[in-house]
Amino acid sequence: MVLCLPIAIVGFMGLCLGMSRHQRDVLGRVLSPMRSALCKAFGWTALASSFALAIARDGAAMGAVYWAGMLSLAAVLVALWTTWFSRR
Amino acid sequence: MFRDRSQPPKPTLRSASFAITSRALVALIGGYLSAALYTAAMARWLPIARVEAVMTGMLSSFAIYACVAIMAFAVGTAKRAWMWLAVICVPPAIALYLSIHGVGA
Amino acid sequence: MKEGLRQSMAWLHTWVGLLFGWLLFAVFVTGTTAYFQDEITRWMQPEIAGERNLDASAEGALAYMKTHAQGAESWTIQLPNERSVAAMGYWKEKGETFRQWRDHAFMVDGQGRKVDARDTTGGWLLYRLHFDLHYVPVLWGRWAVGLAAMFMLVAIVSGVITHKKIFADFFTMRFGKGQRSWLDAHNLTAVLALPFHFMITYTGLVTLMSQYMPWGIPAAYEHPADYYRDHLGAGEPPKRSGIEAPMASLSDMIRQAREHWQGAEPGFIAIALPGDAHAVVKITQDTGAAMGTRGETLSFDAATGAMRRLPPVKGGASQTESVMVGLHAGRFAPLALRWLYFFSGVMGSAMVATGLVLWTAKRRQQLPDPLRPHVGFRLVEKLNIATISGLPCGIAVYFIANRLLPTGIPARVAWEAHWLFIGWGGVMLYVFLRPPRRAWVEALAIAATAFLAVPLVDAATTDRGMLRSLLAGDLVFVAFDACMLVTAAAFGWAAWTVHRRPAATRHATRRGKEAVA
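Chains as they are written, first to last, in this note's numbering: chain A, 1 to 88; chain B, 1001 to 1105; chain C, 2001 to 2517.
Next comes chain A alone, as it looks inside the complex (with noise of 0.2 Å):
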């Protein structure tokens, strides 16, 4: 849990600057499509690792349904940090 929740927002974040709407808001730019693509991967890759680091800890059951709750919240946290930057 300690160690699940900052990757995972890492992870969101990944994605989240893999999008050239984001992009525009948070870098003030919009990044080459190759660039782009190795965020949403290193995005992806992020979030598998959380995955499996709950269900490291937790087992598959209780890994899981915590996996899932701290997804939604690492995923609120993320489009509240980009829309820190949009009203800026």
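Rather than coming from a laboratory, the hints here were simulated on the basis of the structure.
Predicted, not measured: the structure shown is a model, and the values here were computed from it.
Glycine included, C-beta positions come from ideal geometry on N, C-alpha and C.
Check the hints yourself; a few may be wrong.
[To be verified] Straight-line alpha carbon distances no greater than 30 Å define the calculated DSSO-like cross-link-like pairs of lysine-lysine that follow: (1) LYS2177(C) <-> LYS2165(C); (2) LYS2114(C) <-> LYS2066(C); (3) LYS2164(C) <-> LYS2177(C); (4) LYS2165(C) <-> LYS40(A); (5) LYS2362(C) <-> LYS2382(C); (6) LYS2239(C) <-> LYS2066(C); (7) LYS2164(C) <-> LYS1079(B); (8) LYS2066(C) <-> LYS2094(C); (9) LYS2165(C) <-> LYS2314(C); (10) LYS40(A) <-> LYS2164(C); (11) LYS40(A) <-> LYS2066(C); (12) LYS2314(C) <-> LYS2177(C).
[Said to hold, decoys possible] Okay, the calculated beta carbon distance ranges per label pair: (13) ILE1029(B) <-> SER20(A): 44 to 50 Å; (14) ILE1094(B) <-> GLN2211(C): 24 to 30 Å; (15) ALA1063(B) <-> ASP2474(C): 41 to 47 Å; (16) ILE1029(B) <-> GLU2003(C): 26 to 32 Å; (17) THR2461(C) <-> ILE1029(B): 20 to 26 Å; (18) ALA2168(C) <-> GLY59(A): 22 to 28 Å; (19) ILE1029(B) <-> GLY59(A): 40 to 46 Å; (20) PHE2167(C) <-> ILE1094(B): 39 to 45 Å; (21) ALA1063(B) <-> GLU2051(C): 42 to 48 Å; (22) ALA61(A) <-> ILE2166(C): 22 to 28 Å; (23) SER20(A) <-> THR2461(C): 38 to 44 Å; (24) HIS1101(B) <-> GLN2319(C): 53 to 59 Å; (25) ARG2468(C) <-> GLY59(A): 37 to 43 Å; (26) ALA2105(C) <-> TYR1097(B): 49 to 55 Å.
Once you've looked at the hints, dock chains B and C against the given chain A.
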């Protein structure tokens, strides 16, 4: 399964509300009826312990209900919704009939 | 083809959502609080303190009933779980129904002593509201909630079909853009917690499925009782022998149960025909023990303390049902996961609330005269305000009533519940008397004030106020008060935001005119 009514003739208010009521009936009553039929049919036909068969039927019933309710509003016309409802309900009804009056049970 | 389907699904989503929205909001809010049901109950009984001790409180409750309830039909002990302190005991006299259990209920603390706590239903009231409603027969309430849940499922499916750009909009939340913002907020709260919403709706239906969809039982069983015997392993109730027999050691039966469950704790003890030679002790596992725990019960001969036949082993479907019910109630969840459940519940409540507001936001522009909307629009708008700020306000009033109602007045428990609805009803009445925009601001402000008042009233009337609890390291009380303050702040912020908005609109109009000029 879902066919589009491409630009239907402009419906009058009364015929529109009739169609909506008709679809709502399919969703609400038809959905429950089909879920109940499948649940009962599963309880009699599934080749597992009786209590497990009953339970399996109940557990899946809400998915059936939801699908029928969605179907009622997804198909092109209200009449088609009733036809689909009949198509969905006939198999479990036959299975139930056979199990009570004919083979099995 | 795709557009036609999407349109009809959007229509379905809109109207199903509106029709069941207010009820679903109440179900979501009370259900969310129910994840902290035990903590709320603890806060509502400040007289009870200390640590839990299962065995001591079980023995204490038993001793009390041995002296006060000889010859009763049954004795029941609800043991404290990991999150609570006191055990509750109650008995049933011959000829009484289980509804009357409150007449002979008492609390026992971790040292086995009976404690006189104020009479309250605590978090349990909110938990029961979640599926029984109130002031209506329980069965009707459950049918209403079940129907709402069924169409919540329909709304989820149709919503997913309607939402064109689930992945493109995944992180999008634009503030201050009117209808667009409400749509963003609705999408965000719905999509980001979609697994939870789907799980909670389906498993919620499963918790009451033998009421909602019982048709498999008469199809497969001649007598419904046989189904429940196969399902729960409940045997025949014992018959009175008329011969008195002392009871064997309860602690020893608890020990046997723990051993049989490999360390899992008991949560519930029911003794049928106490004192009789045919008495039976049933020990049920604490539902918090594991995700799939659901009424695992062991029976003992009270006179000898020997375990009777074992309950049936669960098959695949029964196991699935247990896990689904467990997932819904989250009783197994440790603290961190419990907060995630709570957070998801808040997301669900916000999803329903934003959906309801979206209905009006979308239609306001299309009104022929936005200053004079038609009756239906006005009704929806008022009901939205009255529900979204009124129900939470009622809950705050319920907590305040718990502190202010004198102990020992007749029907105190009922009056606590009445105050919840007086609070809610009061806000509703107020809202219907005020113009809509002012109603929003004022109702939200009233709710904020009510939540702010809860910790203040608590500090004024008990010795377990926030500061003292903080110093004593009593985290349950601190967390409860902190939640009240956070909720107050959220409502206050919402009121402030709505309050500022009309000015912004006027400003925009003026700017628009200038641009035209």
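Here is what the structure says about each hint:
A hinted pair counts as satisfied when its Cα atoms are at most 30 Å apart, and LYS2177(C) with LYS2165(C) qualifies at roughly 19 Å. At most 30 Å may separate the alpha-carbon atoms for a hinted pair to count; LYS2114(C) and LYS2066(C) meet this at roughly 13 Å. Between LYS2164(C) and LYS2177(C), the direct Cα distance comes to roughly 20 Å. Compliance with the 30 Å bound is thereby established for this hinted pair. Note on LYS2165(C) and LYS40(A): the hinted pairing holds, with a Cα-Cα distance of about 18 Å set against a maximum of 30 Å.
Restraint check for LYS2362(C) and LYS2382(C): satisfied, since their Cα atoms lie roughly 16 Å apart, inside the 30 Å limit. Proposed proximity of LYS2239(C) and LYS2066(C) is supported: the alpha carbons are some 20 Å apart, at most 30 Å. Using a Cα cut-off of 30 Å, the hinted pair LYS2164(C) and LYS1079(B) holds, with the two alpha carbons roughly 28 Å apart. The suggested pairing of LYS2066(C) with LYS2094(C) holds, with an alpha-carbon distance near 16 Å, which does not exceed 30 Å.
Taking the CA atoms of LYS2165(C) and LYS2314(C), the gap is about 43 Å. The hint is violated against a cut of 30 Å. For a cut-off of 30 Å, the pair hint linking LYS40(A) to LYS2164(C) stands: about 21 Å separates their Cα positions. Under the criterion of a C-alpha separation no larger than 30 Å, the hint pairing LYS40(A) with LYS2066(C) is inconsistent with the structure, at around 67 Å. Between LYS2314(C) and LYS2177(C), the direct Cα distance comes to roughly 54 Å. Violation of the 30 Å bound is thereby established for this hinted pair.
At roughly 48 Å, the beta-carbon separation of ILE1029(B) and SER20(A) lies within the given 44 to 50 Å, and the hint holds. Distance hint for ILE1094(B) and GLN2211(C): a CB-CB separation of about 28 Å, consistent with the stated range 24 to 30 Å. Separation of ALA1063(B) from ASP2474(C) is about 45 Å and conforms to the stated range, judged on CB atoms against 41 to 47 Å. Checking the proposed 26 to 32 Å range against ILE1029(B) and GLU2003(C) shows it holds: the Cβ atoms sit about 29 Å from each other.
Under the hint 20 to 26 Å, the C-beta atoms of THR2461(C) and ILE1029(B), about 53 Å apart, miss the expected range. Against the hinted window of 22 to 28 Å, the Cβ-Cβ separation of ALA2168(C) and GLY59(A) comes to about 35 Å, which falls outside the hint. Checked against the hint of 40 to 46 Å, the C-beta distance between ILE1029(B) and GLY59(A) comes to roughly 44 Å, which is consistent with it. Between PHE2167(C) and ILE1094(B) the beta carbons are some 43 Å apart, a value that agrees with the proposed interval 39 to 45 Å.
A beta carbon spacing of about 45 Å between ALA1063(B) and GLU2051(C) agrees with the range 42 to 48 Å that was offered as a hint. Taking 22 to 28 Å as the suggested C-beta distance range, the pair ALA61(A) and ILE2166(C) conforms, at roughly 27 Å. Between SER20(A) and THR2461(C) the CB atoms are about 57 Å apart, so this pair departs from the stated range of 38 to 44 Å. Take HIS1101(B) and GLN2319(C): their Cβ atoms lie about 34 Å apart, and the range 53 to 59 Å is violated.
Restraint check, ARG2468(C) to GLY59(A): a C-beta distance of roughly 40 Å satisfies the suggested window 37 to 43 Å. One distance hint, 49 to 55 Å for the beta-carbon pair ALA2105(C) and TYR1097(B), holds here, with the actual separation near 51 Å.
When each numbered hint is compared with the structure, violations occur for hints 9, 11, 12, 17, 18, 23, 24.
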